[in-house]
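**Student:** Given the sequences, and given the hints that come with them, work out the whole structure.
Under our numbering, think of the first position of the sequence shown as 11, with each following residue one higher.
Hints in this document: simulated from the structure, not taken from any laboratory.
Remember, predicted model here, so these are calculated numbers, not experimental data.
Using N, Cα and C, we set each Cβ at its ideal position, and we do this for glycine too.
Watch out, some of these pointers could steer you wrong.
Straight-line distance between alpha carbons at most 30 Å, and here's what the computed DSS-like set of lysine-lysine pairs gives [stated by the list, open to error]: (1) Lys-36 with Lys-86; (2) Lys-125 with Lys-86; (3) Lys-131 with Lys-177; (4) Lys-129 with Lys-79; (5) Lys-84 with Lys-131; (6) Lys-35 with Lys-87; (7) Lys-87 with Lys-177; (8) Lys-35 with Lys-79; (9) Lys-125 with Lys-84; (10) Lys-173 with Lys-84; (11) Lys-129 with Lys-86; (12) Lys-35 with Lys-129; (13) Lys-173 with Lys-35; (14) Lys-177 with Lys-125; (15) Lys-36 with Lys-87; (16) Lys-176 with Lys-129.
Distance windows between CB atoms, simulated [to be verified]: (17) Ile-88 with Leu-146: 26 to 32 Å; (18) Phe-19 with Ala-95: 27 to 33 Å; (19) Val-165 with Thr-12: 35 to 41 Å; (20) Lys-176 with Phe-72: 38 to 44 Å; (21) Ala-45 with Ser-96: 20 to 26 Å.
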Amino acid sequence: MTTLLIGNFIALVASLIMVYTGFIKKKETIIFVQAIQILLLVISNIVLGGITGAIINGVSFFRNIIVYKNKLTKSKKIILIIVSASLTLLFNNHGLIGLLPLVCTIVYTCLIDTKDVIKLKWANAFTLFLWLIYDLYIRSYTSSAFDFISIISNVIGIYQINKLNKKGK
Numbered sequence: 011m012t013t014l015l016i017g018n019f020i021a022l023v024a025s026l027i028m029v030y031t032g033f034i035k036k037k038e039t040i041i042f043v044q045a046i047q048i049l050l051l052v053i054s055n056i057v058l059g060g061i062t063g064a065i066i067n068g069v070s071f072f073r074n075i076i077v078y079k080n081k082l083t084k085s086k087k088i089i090l091i092i093v094s095a096s097l098t099l100l101f102n103n104h105g106l107i108g109l110l111p112l113v114c115t116i117v118y119t120c121l122i123d124t125k126d127v128i129k130l131k132w133a134n135a136f137t138l139f140l141w142l143i144y145d146l147y148i149r150s151y152t153s154s155a156f157d158f159i160s161i162i163s164n165v166i167g168i169y170q171i172n173k174l175n176k177k178g179k
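**Tutor:** Here it is in structure tokens:
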């Protein structure tokens, strides 16, 4: 029970940091704060026994640094996906559920540099839905709540963008 509380507390702190990044205006600060958030999620996943989630978050940390430096090329995307897939398949301890973070990282890595905001928001909503399932499975209830809220906010964002686009026509 203590492990469950500790893992969820760390996930709560990470989730609150994620919300906080929405208010930051400087890209450098966003990346730094997201790095802290991702590292906390790695720890939370390890505490809760979600090894593949920890792996994917660890690789995502490096992916975000590469994106921050505007150095994400197609070959680096492929390398990140291969590393993610190899480590996930090697250390997966939750069967099909343990593969969900891998699917998330593949989708997000492929679309992270898209200029289409709606496509990126749909990708976010989809990957967050898979994270929601995974987080519920490993009993990361605080992450699950924030996953759900983030899914809703992405869908609302898509609706608002579409509404504005219709008005502009």
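**Student:** Confirm or reject each hint.
**Tutor:** How the hints compare with the structure:
no. : hint                            : result
1   : Lys-36 with Lys-86              : 25 Å, holds
2   : Lys-125 with Lys-86             : 19 Å, holds
3   : Lys-131 with Lys-177            : 20 Å, holds
4   : Lys-129 with Lys-79             : 22 Å, holds
5   : Lys-84 with Lys-131             : 21 Å, holds
6   : Lys-35 with Lys-87              : 26 Å, holds
7   : Lys-87 with Lys-177             : 37 Å, violated
8   : Lys-35 with Lys-79              : 17 Å, holds
9   : Lys-125 with Lys-84             : 16 Å, holds
10  : Lys-173 with Lys-84             : 33 Å, violated
11  : Lys-129 with Lys-86             : 21 Å, holds
12  : Lys-35 with Lys-129             : 22 Å, holds
13  : Lys-173 with Lys-35             : 25 Å, holds
14  : Lys-177 with Lys-125            : 21 Å, holds
15  : Lys-36 with Lys-87              : 25 Å, holds
16  : Lys-176 with Lys-129            : 17 Å, holds
17  : Ile-88 with Leu-146: 26 to 32 Å : 31 Å, holds
18  : Phe-19 with Ala-95: 27 to 33 Å  : 31 Å, holds
19  : Val-165 with Thr-12: 35 to 41 Å : 36 Å, holds
20  : Lys-176 with Phe-72: 38 to 44 Å : 39 Å, holds
21  : Ala-45 with Ser-96: 20 to 26 Å  : 23 Å, holds
In the structure shown, a violation is registered for the earlier hints numbered 7, 10, in ascending order.
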